[in-house]
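If you read the protein sequences in the order shown, they are chains X and S. The first sequence begins at 383 in my numbering and counts up one residue at a time. The second sequence begins at 383 in my numbering and counts up one residue at a time.
Honestly, the hints are just simulated from the structure, not real lab data. All of these numbers come straight from a predicted model, not from anything done at the bench. Some hints could be false.
Output of the computed footprint for chain S on chain X, the stretches with three or more beta carbons under 8 Å from beta carbons of chain S [what the hints assert, rightly or not]:
id, region
1, 383-397
2, 425-431
3, 473-482
Beyond 10 Å from chain S on every Cβ pair, some chain X residues (computed) [unchecked claim]:
id, residue
4, Asn401
5, His402
6, Glu447
7, Thr455
8, Ser467
9, Phe468
10, Lys470
Note that CB positions come from ideal geometry on N, CA and C, so glycine has one too.
One letter stands for each residue in the lines below.
Protein chains: 2
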Amino acid sequence: MFKLIAIYKIPNDKNAFENHYKEVHTPITKKIPLMKEVRINKVFGGPTGKSDLHLIAELCFASKEDFKKAMGTPEAAASGKDLMSFAKDIVSVHFAEEEVLKQ
Amino acid sequence: MFKLIAIYKIPNDKNAFENHYKEVHTPITKKIPLMKEVRINKVFGGPTGKSDLHLIAELCFASKEDFKKAMGTPEAAASGKDLMSFAKDIVSVHFAEEEVLKQ
Numbered sequence: 383m384f385k386l387i388a389i390y391k392i393p394n395d396k397n398a399f400e401n402h403y404k405e406v407h408t409p410i411t412k413k414i415p416l417m418k419e420v421r422i423n424k425v426f427g428g429p430t431g432k433s434d435l436h437l438i439a440e441l442c443f444a445s446k447e448d449f450k451k452a453m454g455t456p457e458a459a460a461s462g463k464d465l466m467s468f469a470k471d472i473v474s475v476h477f478a479e480e481e482v483l484k485q
Numbered sequence: 383m384f385k386l387i388a389i390y391k392i393p394n395d396k397n398a399f400e401n402h403y404k405e406v407h408t409p410i411t412k413k414i415p416l417m418k419e420v421r422i423n424k425v426f427g428g429p430t431g432k433s434d435l436h437l438i439a440e441l442c443f444a445s446k447e448d449f450k451k452a453m454g455t456p457e458a459a460a461s462g463k464d465l466m467s468f469a470k471d472i473v474s475v476h477f478a479e480e481e482v483l484k485q
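Pulled out of the complex, with its shape left as it was, chain X reads as follows (with noise of 0.2 Å):
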């Protein structure tokens, strides 16, 4: 699986934060073609009790090939601006290749 990974920190105002996720940013993202699936993991905390994190999306691609298209088309630019427009301070972004280890 390729994956953007999107590495959010603790908003100022999260109610205002969630509010933009919800109903503008997630239905913008979705748009994006050839996308297997999208992970959003919400962090509730670490080893020591508190983490500077609150959210961490992963948007999924069977394939480089179907990654590297995907970012190309205007819906990928849509969501990249929309979340520039709202998360520009707290968000850092990154592209991965992932491998599934068997237990």
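The hints should help you fit chain S onto chain X, whose structure is shown.
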């Protein structure tokens, strides 16, 4: 899915890191009970070309109960102890609940 997510920045010595991660840390970590799977995300870039991250590892559990139980085991303690031995300065660890959005 409930997850422990370990985010690693780029290590100074990539070869030494990879060697320890593969030969020592992964075998120790795979012994943690109740894990559904381990997802290793190898970061290869970001929207501006580079990323400051090297790896994002996800230890996945079916329920919060399993996650909590697993975290209390000697195997999890051994994995945490080993983590601190080779990645203390570059890793951050977070607990999260994953929700998968359908397209």
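If any of the earlier hints don't hold here, list their numbers in rising order. Those not satisfied: there are none.
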